[in-house]
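**Q** Chains as they are written, first to last, in the numbering used here: chain A, 1 to 247; chain B, 1 to 313.
Simulated from the structure, these hints should not be mistaken for lab results.
All of these numbers come straight from a predicted model, not from anything done at the bench.
Among these hints, one or two may not hold up.
Said to hold, decoys possible - Which bits of chain A does chain B cover? Going by a derived footprint, with three or more residues having C-beta under 8 Å, they are:
1) 144–158
2) 164–174
As the list claims (entries may be wrong) - For lysine-lysine, the following DSS-like pairs were computed, each having C-alpha atoms within a straight-line distance of at most 30 Å:
3) K212/B - K279/B
4) K7/B - K239/A
5) K214/B - K239/A
6) K171/A - K16/B
7) K232/B - K7/B
8) K83/A - K232/B
9) K212/B - K239/A
10) K83/A - K16/B
11) K212/B - K202/B
12) K131/B - K14/A
13) K279/B - K83/A
14) K24/A - K239/A
For glycine and all other residues, C-beta sits at the position ideal for the given N, C-alpha and C.
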Amino acid sequence: MIADIRTMIWKELKEIYSIVMGTKGAKVGIGITFLIFAVFFPINFGADLGSDNPFIMFFAIWLPLVWVSTIIADSFAGERERKTLETLLASRLSDQAILFGKIGAALLYGWCMMVTLYLTSLLVCNLTNLEEAPIFPSLSFFAGTLIMGLLGSLLASAMGVLFSLRATTVKQAQQSMSLVVMGFYFLPFLGGMLLPESWRKPVFETLKTMDAATIVICVIVFLALVNCVLIAAAIARFKRPRLLDNE
Amino acid sequence: MNSIAVKTQGLTCDFKTVRAVDNLSLEIPSGIVFGFLGPNGAGKTTTIRMLLGLIEPTHGHASVMGHDVRNEGNEIRTRVGALLEHPGLYERMPAEDNLQFYGRVWRLSSKEREERIEELLTHLGLWERRKEIVNGWSRGMKQKLALARVLLHRPSMIFLDEPTAGLDPVAAAAIRDDLAALVENEGTTVFLTTHNLTEAEKLCHQVAMIRKGKLLDVGPPDEIRGKMGSRKASVAGRGFNEAVLESLRSRDDVTNAEIQDDNLMIELQGEGGMAPIVKMLVENGMEIEEVHKGSASLEEAFLTLMEEEETEE
């Protein structure tokens with residue numbers, strides 16, 4: 001099973017590479033993101049970037065979500081569009097190997113990009129502030145950021161695969177994915193507004209009393225739970241006959 | 001070889017209100033090329049999907065290499081290779097990577113993969129182009145590469161859905177030769193669907209004809225041709241006229257008689273012989289030079305079966 005998942009990841013990463021390198025828009029998008037987050041921010045915010053800044057954690061979730069959402073819609077819907085899905089399903093690979101291979105490849109892509117960007121930004125930050133070097137966040141913050149990035153990538157991967165499984169076209173999967181990603185960003189604000197007046201105050205009071213570490217742990221647990229639900233839904237949705245129905 | 005590669009019993013598949021495959025019962029021995037013939041929408045692809053365990057039959061049973069299609073789809077897919085309706089190639093990847101991927105899927109070691117890929121691509125004339133992205137290739141080249149992918153792990157049975165569709169005659173003939181060699185050298189069982197009846201005639205040891213999901217006939221091509229051919233006869237000679245045609249048409253063992261290009265064309269009822277008819281013609285003063293019976297091609301046999309089925313409906 002592990003060997004089969006590795007095989008799927010190998011193939012998916014080759015496909016992701018061809019999508020990214022074969023699309024001018026994707027290359028430009030990644031280039032601009034790196035310029036902003038790995039060059040512009042470190043130069044402008046200096047040593048602040050190396051501190052335990054909570055915004056870094058937010059970006060650690062947000063950026064992989066954006067990157068992964070650009071490629072993950074292709075996972076099943078793309079195979080269906082290009083008529084390669086039936087051949088893949090007729091192979092000896094198990095349902096889980098195909099599913100986890102696709103999720104795993106997208107997760108690796110999003111997370112590796114995020115780690116590369118974070119390390120690059122720290123490097124630029126140190127190089128442009130040599131007098132304050134070495135600039136590095138606390139180990140617990142650094143580890144938390146990496147975990148947040150991992151969970152953010154997994155969230156986008158699992159969600160994207162779920163949409164891609166039943167979408168007839170890549171475009172359809174991308175549209176559904178964008179709506180949910182947007183909803184995910186607005187959820188905290190909407191949640192605050194939609195809370196009954198009587199609940200709002202105690203909730204905010206509780207949040208105020210929580211320290212940063214507790215909030216991070218809560219976010220990690222929340223994301224981990226959401227990811228588990230999404231993966232379980234994807235496993236339940238992965239039915240070979242149903243996938244062929246959409247062909 | 002006398003073991004059974006595929007066995008189906010009352011195999012039926014319904015899609016909502018449409019019956020795609022209707023009570024199909026077949027036994028396919030190992031080590032032969034089995035042709036599954038039928039017009040578009042006959043149920044050929046659905047049958048292949050059921051045999052691969054990709055869709056579940058509504059009724060009936062089927063086993064492939066002793067494995068039940070309902071519960072042992074993974075075991076079946078592990079042992080067979082399939083070239084389905086589309087080549088199923090990753091066109092943004094180089095040819096070699098396509099084979100590398102499926103070599104890994106079938107757990108060939110790195111050395112085995114390298115050797116087998118070189119062997120197959122050399123044999124199919126694609127070795128020099130292995131680094132090229134498949135996207136720009138012709139349909140014939142893609143189909144050859146897809147065939148290489150199917151054969152990569154040396155499966156004991158392969159399913160081929162219209163493997164030569166859309167190919168030029170040279171490429172189609174090359175693929176036919178490869179398949180024939182495969183069966184000859186490696187004893188692989190081939191389940192082949194095709195519209196090309198000449199191809200089926202050349203390649204298949206047994207054929208089944210299917211229409212609207214129903215099996216019309218099954219057997220060696222010669223036997224099927226013989227059955228249909230034995231119902232037609234042409235008589236070369238002199239003196240044929242309308243009166244003779246009328247007397248022939250009134251016989252119980254003749255369904256129709258016509259004069260075409262000075263020859264008498266007779267359609268026989270059932271398996272009746274020509275001797276009594278020739279005797280009658282001679283007694284009526286005809287001069288008979290040659291009697292020729294039973295030379296229908298598989299295509300003629302197929303069309304006759306289709307017409308009969310349509311008439312019965």
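**Q** Now tell me, hint by hint, if it's right for this structure.
**A** Against the structure, the hints come out as follows:
With 0 residues having a beta carbon nearer than 8 Å to a beta carbon of chain B, the region 144–158 of chain A misses the requirement of three or more and the stated coverage is violated. Counting residues of the region 164–174 of chain A whose CB falls under 8 Å from any CB of chain B gives 0; the rule of at least 3 is not met. A threshold of 30 Å between alpha carbons decides the hint, and for K212/B with K279/B the separation of about 43 Å lies outside it, so the pair is violated. Only pairs whose Cα atoms come within 30 Å are accepted, and K7/B paired with K239/A is accepted, the gap being roughly 25 Å.
Restraint check for K214/B and K239/A: the C-alpha separation of about 28 Å stays at or below 30 Å, so the hint holds. Under the criterion of a C-alpha separation no larger than 30 Å, the hint pairing K171/A with K16/B is consistent with the structure, at around 28 Å. Taking the CA atoms of K232/B and K7/B, the gap is about 34 Å. The hint is violated against a cut of 30 Å. With a CA separation close to 45 Å, the supplied pair K83/A and K232/B exceeds the 30 Å bound.
Under the criterion of a C-alpha separation no larger than 30 Å, the hint pairing K212/B with K239/A is consistent with the structure, at around 27 Å. About 24 Å separates the Cα atoms of K83/A and K16/B, which keeps this hinted pair within 30 Å; it holds. Annotation: proposed proximity of K212/B to K202/B holds, straight-line Cα distance about 25 Å (limit 30 Å). Among the hinted pairs, K131/B with K14/A is consistent with the structure: their alpha-carbon atoms are about 14 Å apart, no more than 30 Å.
Using a Cα cut-off of 30 Å, the hinted pair K279/B and K83/A is violated, with the two alpha carbons roughly 62 Å apart. Among the hinted pairs, K24/A with K239/A is inconsistent with the structure: their alpha-carbon atoms are about 35 Å apart, more than 30 Å.
Going through the hint list in order, the structure does not satisfy hints 1, 2, 3, 7, 8, 13 and 14.
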